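There are 2 protein chains.
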Amino acid sequence: MKILILGGDGYLGWPTAMHFAAAGDEVWVADNFAKRKWELEDGIEPLLPIPTLHRRVQRWNGMNAGAPVRMKVGDLTNHRFVYNLLREVGPEVIVHYGEQPSAPYSMQGRTAAVMTQQNNVVGNLNLLFAMQRHCPDAHLVKLGTMGEYGTPNIDIEEGWLDVEHNGRTDRVLFPKKAGSFYHLSKVHDSHNIEFACRVWGMRATDLNQGVVYGIDTDQTMLHPELRTSFHYDHVFGTVLNRFLVQACIGVPLTVYGRGGQTRGFLNIRDTLACVDLAARNPAESGEFRIFNQFTEQFSIGRLAEMVVAAGTRAGLAVTVAHLDNPRVEAEEHYFNAKHTKLPDLGLQPTLLTDAVIDQMLATVREQVDRVDPDIIAPQIRWAGGDISAPNR
Amino acid sequence: MKILILGGDGYLGWPTAMHFAAAGDEVWVADNFAKRKWELEDGIEPLLPIPTLHRRVQRWNGMNAGAPVRMKVGDLTNHRFVYNLLREVGPEVIVHYGEQPSAPYSMQGRTAAVMTQQNNVVGNLNLLFAMQRHCPDAHLVKLGTMGEYGTPNIDIEEGWLDVEHNGRTDRVLFPKKAGSFYHLSKVHDSHNIEFACRVWGMRATDLNQGVVYGIDTDQTMLHPELRTSFHYDHVFGTVLNRFLVQACIGVPLTVYGRGGQTRGFLNIRDTLACVDLAARNPAESGEFRIFNQFTEQFSIGRLAEMVVAAGTRAGLAVTVAHLDNPRVEAEEHYFNAKHTKLPDLGLQPTLLTDAVIDQMLATVREQVDRVDPDIIAPQIRWAGGDISAPNR
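Residue numbers (the working numbering), protein chains in the order written: chain A, 28 to 419; chain B, 28 to 419.
A portion of the hints provided could be inaccurate.
Since the list can't tell identical chains apart, any single copy or any two copies may satisfy a pair.
Think about it this way: if two alpha-carbon atoms lie no more than 20 Å apart in a straight line, the pair counts; the simulated SDA-like pairs of lysine to any residue are [stated by the list, open to error]: (1) K204 <-> R290; (2) K204 <-> E185; (3) K204 <-> E252; (4) K365 <-> E72; (5) K99 <-> N193; (6) K99 <-> M28.
These are computed hints drawn from the structure, not numbers from a lab.
Here the structure is a predicted model, which is why all the values come from computation and not from measurement.
Looking at chain A on its own, in the form it has when it is part of the complex (with noise of 0.2 Å):
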């Protein structure tokens, strides 16, 4: 299978390639590096330093590990560079996780919002449009994100619902409530890639991805210069990574509000195994499917207990602080999202079971005397408006 990765140097991009790569099929990889540029304007960096792509992409391809990986570098909201991509790499399956992957990001304020939105929707239309021009057939696996349902009061289907209302009935796309101008973004390319697959026949899966947590795949434990980042700051960071520094470092897990919030969370490596499973059983010619990618669903207040317990395992004293939410947001909601697609197509969840929280906990604790403790409380008010971060 010919397959890109577009967003090739991120936390899941350049895992996902090497997965396809150890498994023998021919991968190209396309980044930017916005996204490291992103990290400086806030002063962030990964856990551990994390080599420039080509350096990993080298080092992958001296490791007769599998097929050799492949990189271009350029921009997806330049048009002639996206068109030249497929052109010369015509894949059968494009991955795109090639956006500004954060919240927090998105609401630092207007000029931050407005280039999440247009990064990303410019980005994903030329995308199509190339797709529509130089690769038809070629099976786009997008990533999305819970966040774009928000919380409704009835349970979350799998992108599409069945109505009946005043005793007609349709199958019409989820209604969404995002949480950010970054998850909007999302909501955006869903409603234009689904217009692509009704117009253009395209064939697309939307995946609507819950909390990535994990530091290791099968690939990356294969050489230190093949890691990828481990996010636990308040801008990129997600909330099991967060926690684990905090647990390691001795100060409070933050907690936002109440803790009630709910959501769905998988491991980086079940990440890897929905994108191999979606890219194998590619959706019909016209079909655009969506699955909701996540194993499990815990509330923020029961992540940070697991945590505890985790930590005194460990023989950490580890306590819990409520903050004052920076976001908006309920604290205490009904959440039921179905995620039976991906297990019907084959995937066997490596669930959050006390080694495995074991094992990150011991694995962050390493490198404890990396951690930055300036950049893990929240700075970015959803309130805020147009200047909402402390640096803009």
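Starting from the known structure of chain A, fit chain B onto it as the hints suggest.
Relative to the frame of chain A, chain B by itself:
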């Protein structure tokens, strides 16, 4: 009331400005004249030449027909223009017509599609942030379109839908399946505005407008230089206007496909009445209110029959031609869209009676020598992809 009309040079913007000025309100208009440039790109002119906005404002202000209109020239995608405008004007109501308004325009290819979404979405985001900064209590009256909904097999409610699903209930945004990249830009806007209301407590009314027809309002008739644009072309012309021109020049009415497409329609006079009602009955703080703004619904085939009948009454032999549909849309479908909220506020509709259609036909017939027959036939194909118009 201090009211700012964005897109004040347009078909609806200019009559709206005069309407409020005639009522004694303090009216400001802003425009960047992008629409006139888009017309040039496709070699399109309105039936009668339209004086510059400067000239029309000067004419209006010299007529003592109401309060003066003040104008500003600038682009909503330039956020500094928007911030300065709102700071200087301090409006109580903002009526936002300032977007690329044509579905066919947006379907000419990648360049037009991306420009449409970038222009509309970024302009609207800049407006939201500037309002949040300079006039957070102002009421945003945003023009959307019924084309955002598509043609669902269930009744179309006014923006929000009460859903029961698996024994639980919620009130959700009505699910949308828009008909073009233009319509999608309005869907994106609506999601962004709903978020701004939810997170910042803004107040907004989204007017999902049907297809507008009509030439005159009470104010445009006061002087030839106060007229508004009348488009009958394949890009900016709406269907009834086009049919009337075709009837007058003796060519068949061009129905796309079978003609079973049903849409909501309204007279331009009712657009002004609806915007007036929305502006004088503002949404609550934090409320995202949605009205379906049309007065009656017809199929395109039925509309053609009405123009044939009007032609017969006027002594014209009018025929109908069914063209291959350049759009991708259902040609036979269920369509029942609610539209009670504006009548509940007091709207007295101007329906498409024989007298109204005969008057429009007579007005167009006086200008029959000005018609350019080469700009009427559809030239933009929905399924065409990245270059879907002959001059792109």
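Going down the list of hints, with the structure as the test:
no., hint, result
1, K204 <-> R290, "within (15 Å within a copy, 27 Å between copies)"
2, K204 <-> E185, "both (15 Å within a copy, 17 Å between copies)"
3, K204 <-> E252, "neither (40 Å within a copy, 46 Å between copies)"
4, K365 <-> E72, "neither (35 Å within a copy, 53 Å between copies)"
5, K99 <-> N193, "neither (53 Å within a copy, 47 Å between copies)"
6, K99 <-> M28, "within (18 Å within a copy, 56 Å between copies)"
Of the numbered hints given earlier, the model fails hints 3, 4, 5; all others are met.
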